[in-house]
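Taking the hints as your guide, dock the two standalone chains into a single complex.
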Amino acid sequence: MKDFQLEVNGERRTVTVDPSTPLLWVLRDGLKMTGTKYGCGIGACGACTVHLDGVATRSCLVPVSLVGARRVVTIEGIARDAVGAAVQDAWVETDVVQCGYCQSGQIMTAVALLKSKPDPSDGEVEQSMGGTLCRCGTYARIRVAVRRASSRAK
Amino acid sequence: MPGLTCAGCHPQANADATGVPGAPDWHLAPLSMQWQDASDTPLASGEVCRAVVDRSKNNNLDGAGLVKHVAEDALVLWAWSPGVRTDGTARSAPPLTHDAFVRATRRWVEGGTPCP
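In the order they appear, the protein sequences are chains A and B.
So the first sequence is residues 1 to 154, counted in this note's numbering.
So the second sequence is residues 1 to 116, counted in this note's numbering.
Everything labelled a hint here was simulated from the structure, so no lab data went into it.
Every residue, glycine too, gets a C-beta built ideally from N, C-alpha and C.
There may be inaccurate statements among the hints.
As the list claims (entries may be wrong) - Anything over 12 angstroms on all C-beta distances counts as not near chain B; from chain A, calculated:
no. : residue
1   : Arg-12
2   : Arg-13
3   : Val-67
4   : Arg-70
5   : Glu-93
To be verified - If we take Cβ atoms under 10 angstroms as the criterion, some of the chain A residues that face chain B in the derived model are:
no. : residue
6   : Ala-56
7   : Cys-60
8   : Leu-61
9   : Gln-88
10  : Val-92
11  : Thr-94
12  : Asp-95
13  : Val-97
14  : Gln-127
15  : Ser-128
16  : Val-144
Extracted from the complex, chain B is given alone in its bound form (with noise of 0.2 angstroms):
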């Protein structure tokens, strides 16, 4: 919204010591990128994947990009290094390296982005 953005609460990186989380360019992403239905139930995997390679919902990404993306874009990078809570305990990330995320993507990618 303009005149109340985003980057009004959140900086550009993390301000541990008042909890908020902050990167480059902080923002939700669109509601062609959701991965929640509107009572906020996930969707299934396979939807998931296919909405990931749909160049209509997915910023018009080929698999170069979707491993570009996941490779070097900051907000996603952001997760292997999410700060602390208000309550000055970390968040958590995700379950395997960031390194391993990017191998299995280019995996994923190489095999033709398969989708269940």
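Okay, chain A solo, but in the shape it has when bound (with noise of 0.2 angstroms):
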């Protein structure tokens, strides 16, 4: 067991945990900041997805050893970012939603998304929000949003 001291949503938090342990466990379990899922554990899902240093990150494939200084916002925190606001209500107002699970990292893609691509074309949004996976099936809703909170952040 180790301390870390991490940046998580703008403030500063200790978690003494084994090196090995991924970001997403010291989320949850640690910090008890559920918001962020646990789907595949193999990065295939991107339930699991936060932003390290405002890249989309896979926190079930981080160990916390590798985050070092780098800034961890998750779903708890993106509304404090305009563009995060400007995704979460076009989602609520595209009532994206179905069961709900996947949808933090669906968001937190998205961010990620508009943040470096501000008005993206088609072929990216498909590309860029198709690895984040919802058995629910809510992709043609998902690109509305997308488009919509594209349209609310310029």
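So, in structure tokens, the structure goes:
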């Protein structure tokens, strides 16, 4: 066990965990931030997506020892960002969610997309969002919501 | 792809706890640097050699740049510290040391980068 200092949603947090512990479990079990979901555990589904210095990152694959000084932003903190708020508003307005389990990962991925590409093409939306799986099949509404958030964030 | 980059899964160093390989600026080589054809058949060594020295395909590297690339680039160096697979077994490293690889590259560049 070892102490790690993390910056999570703008706050300094200290956790004492095994260095190999995935960031996902540090957030969920250590910091009780359960908005980030466990899906597959192998980086294939995107449910656990958070931002590390703004890069959408699969937190199930990142040992806490490799986070370092990078800023962690989770679904609990994304609304403080203007693009994050626009995406969340668009998600509600579009009524994207069905069961909701994957949606924090969807929103974190959409925010990363729109921050790097404020007016993405349809192809870029499909490619960027396509790696985050939704077994309810809300993809069509996700596409609409990303478009809506893109217009709103301009 | 914006929103879904290589770094979304590949950290700046190998994550041996999860078996995910990582290094700074992890990325695939661009298509101009491919060493296989569209059906994944390896190109002939002469074709690879000519592609490596073609400055329109190799990120505009001259001979000195090629030596520096193989000597210092983090992704090249990763090949000699490739970490472990998801089952915990070690990935294989190239069949020569990094020093030997750099020396051989330097000798090839000093000889005028001949291709077969």
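To see whether the hints hold, each was checked on the structure:
1. No beta-carbon of chain B comes within 12 angstroms of the beta-carbon of Arg-12/A; the shortest separation is about 21 angstroms.
2. Every Cβ of chain B is farther than 12 angstroms from the Cβ of Arg-13/A; the closest lies at roughly 20 angstroms, confirming the non-interface assignment.
3. The beta carbon of Val-67/A sits about 9 angstroms from the closest Cβ of chain B, which is not more than 12 angstroms, so the claim that it is off the interface is violated.
4. Its beta-carbon lying about 9 angstroms from the closest one in chain B, Arg-70/A breaks the requirement of being farther than 12 angstroms from that chain.
5. A cut-off of 12 angstroms between C-beta atoms confirms that Glu-93/A is not in contact with chain B; the least separation is 20 angstroms.
6. Evaluation of the Ala-56/A hint against chain B yields a held restraint, the C-beta minimum of about 5 angstroms falling below 10 angstroms.
7. Hint on Cys-60/A holds. Least Cβ distance to chain B is approximately 8 angstroms, under the 10 angstroms limit.
8. Interface hint at Leu-61/A: satisfied, since its Cβ lies 5 angstroms from the closest Cβ of chain B, which is below the 10 angstroms cut-off.
9. Taking 10 angstroms as the C-beta contact cut-off toward chain B, the hint placing Gln-88/A at the interface is violated, the least distance being around 16 angstroms.
10. The restraint placing Val-92/A at the interface with chain B is violated, with a minimum CB-CB distance near 20 angstroms, outside the 10 angstroms limit.
11. Given the 10 angstroms rule on beta carbons, the hint for Thr-94/A is violated: about 18 angstroms separates it from the nearest Cβ of chain B.
12. The interface hint given for Asp-95/A is broken, as the beta carbon of that residue sits about 22 angstroms from the closest beta carbon of chain B, more than 10 angstroms.
13. Because the beta carbon of Val-97/A sits about 19 angstroms from the nearest beta carbon in chain B, more than 10 angstroms, this interface hint is broken.
14. At about 5 angstroms, the closest approach between the beta carbon of Gln-127/A and any beta carbon in chain B falls short of 10 angstroms, and the interface hint on this residue holds.
15. Annotation: Ser-128/A was flagged as interfacial toward chain B, and the flag holds, the nearest CB pair being 3 angstroms apart, inside 10 angstroms.
16. Because the closest C-beta pair between Val-144/A and chain B is about 16 angstroms apart, greater than 10 angstroms, the hint is violated.
Checked against the numbered hints above, the structure violates hints 3, 4, 9, 10, 11, 12, 13, 16; every other hint is satisfied.
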